[in-house]
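Q: Just so you know, the protein sequences line up as chains A and Y, in that order.
Mapping to my numbering: the first sequence position 42 is 42, numbers consecutive.
Mapping to my numbering: the second sequence position 63 is 63, numbers consecutive.
Hints are not guaranteed to be accurate.
Stated by the list, open to error - On the chain Y side, residues computed to face chain A include the following (Cβ under 10 angstroms):
1) Thr97
2) Val120
3) Pro124
4) Met128
5) Gln133
6) Pro142
The hints are simulated quantities; they were obtained by calculation from the structure and are not laboratory data.
Note that the Cβ used here is the ideal one computed from N, Cα and C, for glycine as well.
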Amino acid sequence: MGENLSGKAVIAGIGATRFGALPGRTTISMNVEAIRKALNDAGIEKDVVDALYVKCPTSRFEMMYGQKIAEAIGLQPRIGGVWDSGGSSNVIMISQAIMAIEAGQCEIAVVTFADNPKTGSAASYSQPRGDDALYGWFAVLSSYAMIARRHMGELGTPREALGAVAVAARRHGAQNPNAQLRKPLALDEYMDMPPMVAPFCRDDCTLVSDGAAAVVVMSTERARKMGVPKPVPVLGFGFGQTSWDVTQRPDMTSTQAKVAGETALKMAGLKPKDMDVAQIYDCFTITALMTLEDYGFAKKGQIADFVKGGNIEIGGELPMNTSGGLLSETGMPGMQLIHEGVRQMRGEAALQVKGAKHCIISDQGGVMHTHAALILGQ
Amino acid sequence: MNTTVQTASKPKATLPGPDINEVSKPYWDALKKGKLTFQHCRKCGNNWLPARGECPKCLEADWAWHDASGKAKLISWVVFHRAFHPAFEDRLPYNVTVVELAEGPRMITNIVIEDAEKLVIDQPLTFMPAEEQGHGIARFRPV
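Next comes chain Y alone, as it looks inside the complex:
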C-alpha cells in the first residue's frame, strides 16, 4: 500500500533537486554514501540541520559535520492522498514525517511502513539510507 521505497517511475516527472552549495555539499555527499550527518557548533555545542553557514544559536561560523547515530523519534506526520507533483501520482498514499534526531536536529523524511496511520507521536525510529533521483536521502523505519 505504501510505496515510499520505490523510486519515481516516470523519468519525465523530474522533482526539483536540493540546493547543493558549498555549505550543504558535504551533507548530500555523505547521504550518497549512506551516512546521515549534521552540523555541530564548536563554539556553543549546538547541533542543527538543514545546512547553514552560521550557527543559528550563537551565530558563529565555527562548525563541523558529525555523523548521526541514526536514532530518532517521530514528531509528526502527514499522509498525502493527493499528488502535488506527477512524480508522486503512482505512490499515493505516501507519508511525509518530521523526526528529531537523538542529537537534536529535526528534519523532513518518510517512514518506511505499510500503513502510516498506525504511527504514534514520539515513537522511536531508526535511519535507513535511500536513493531518490540520483540523490542520497534519509528515510527512517520504526524500531
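So that you can see chain A by itself, here it is in the shape it has in the complex:
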C-alpha cells in the first residue's frame, strides 16, 4: 500500500473551446486553444509544463497523436502520450499525472482532449458491433439500450427514472450559456417521445459535439509557490474495468463503477452522503442511473426513488450535471464534467450549489467497460 495521495495535487487551471459545431477546426487547433486557455486560467507559462497527456479523438485515431499536440504547442514533455480507455480516459489521465508527479517523474501536467464528430465524421457511433451486422446489431447507443432493458426487466426500473436524468440535464443545460442544447425537457414530453432504439428515445442519448477541453495538474505545494489563483484539490480517484462486451457480460445491471467509486471515496476518507454535488457521465440516461447505484447513492434497483421529484436537480439532495452533462452541455466524453466540478468547488458555476464542499465526478468508456471516479474538494 503506497502513500495516500489525497489532497497532494490540484487542478490548477481549466480551459475549453466553444461546444457544438465548430466547422473547419482541426482537433489539433482545438486542443491548442483549450490548452492556451487552461494555462491562462492557472496563470502559468507553457514552459513550466513537462507532461502532456492526451485522449485521442474518438472519431479518428492517429499514431503518435500526443506528439502532434506537443509539437503544436512547442513543448518537449518528459512524459506523456495518448491514453485510450474511451470516455474514462480524462479522469484516468489526471490521476496518472498525479501519480507521476508524486513519483518525481514530472512536475506540471496538461491533460487535454478534442474531437470534431459533429462537423467531421460521426461514423464511429453508428458502426456495426462485432460480427453481428447480419442481425442488424448497429450503433453504440443500442448496446446501452440493451443494458437499460435488462435493468428495467430485472429490477423494475421505470422509464420515468431514465427520464429524470434527461430532465435534470436539460434543465441545467438550459441555464448554461455555453451549452449546445439549451431547450428544457419536461418529463411528460420525454414519456411521449417516439422510440429510436427502444427502450431509448432520442433524448436518452448523448449529443454529438465538436470541441476541446484541457486541465492543468500540479502538486498542491507547487500551486501555492506559483501563486495559482484558484487551485482545486483532488481528494480521491479510483478505477474499475469490465472487459466483457455487453453480449458476454455475466451481470448486465451493475458495473465496475462500484470499485472505482469505493476506491476514490476511501482515498478521500468520505462517504456518498458527504457529496454536495455530482457530475456523472450521462452519455445515455441509463449510465448515470447505474453509476449512482454503483457509487452507493441508492441500493441496486431503487434508483428510481432517488432520482424522482427533482432530487438530482439544483435544489435537490444531489444536484447532478449542473452544467448539462453529455445530454445538454456537450457530447464531449467527460472533460466537461471535470470542468464543472472545478467551477462548483471554486464557487463560480453558473448554477452554483451553495456551500458545496465535495464533488464526485464519473467518467466511463466503451459500453460501461471502463470506469473512473474523481473527488474534488476545496
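Put chain Y on the given structure of chain A with help from the hints.
A: For chain Y alone, coordinates are given in the frame of chain A:
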C-alpha cells in the same frame, strides 16, 4: 409488423459480413447447414461464443466444436425504429436480442415474433436456423 425473417430486399445494400477465419469457419459452415455450435474447452470444460483461438477462462487452445441443444433464454433485447444501414430500412421495427444458450454461451440474435415489446426477460426460447445474405445465421423463437 416485425419482418426480421425477410431477407434484404435491396441487393445494393450489402451488409458487412462476419470475419470468417481459420478458427470461426466451422461455426459459419455449421450454421449454413442449419446447425448451431459452440466451442468447448477440453481442459476446463468452459463453453463459449464467439469463436476464439484460446479458452478465455484457462487460456488453453485445446477445444472442440459442440452442437448446441437449441434451448436458450432471453437476457435482453432492443427494438430498432431507426435503420443504421440501408439494408434494414424496410424492416423497421426489428429486434436485436442477447440470448444465453442452455450450455452457457451468450450471443446476439433476432427473435422471430410479431411484437417484440411483448417479450419478457429470461423467457425460454428455441433456435431457428435462418439465412442472411448467403450466410447461415441463428435466430430464436419463443417456446
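Q: Look at each hint and say if it fits the structure.
A: Each hint, compared with the structure:
Given the 10 angstroms rule on beta carbons, the hint for threonine 97 of chain Y holds: about 8 angstroms separates it from the nearest Cβ of chain A. The closest approach between the C-beta of valine 120 of chain Y and any C-beta of chain A is roughly 7 angstroms, which is under the 10 angstroms cut-off, so the hint is satisfied. Annotation: interface hint on proline 124 of chain Y violated; nearest CB of chain A at approximately 15 angstroms, more than 10 angstroms. At its closest, the beta carbon of methionine 128 of chain Y sits 13 angstroms from a beta carbon of chain A; the interface hint therefore is violated under the 10 angstroms criterion.
For the restraint placing glutamine 133 of chain Y at the interface with chain A, the shortest Cβ-Cβ distance is roughly 6 angstroms, inside the 10 angstroms limit, so the hint holds. Interface hint at proline 142 of chain Y: violated, since its Cβ lies 15 angstroms from the closest Cβ of chain A, which is beyond the 10 angstroms cut-off.
Comparing the model with each earlier hint shows violations of hints 3, 4 and 6; every other hint is respected.
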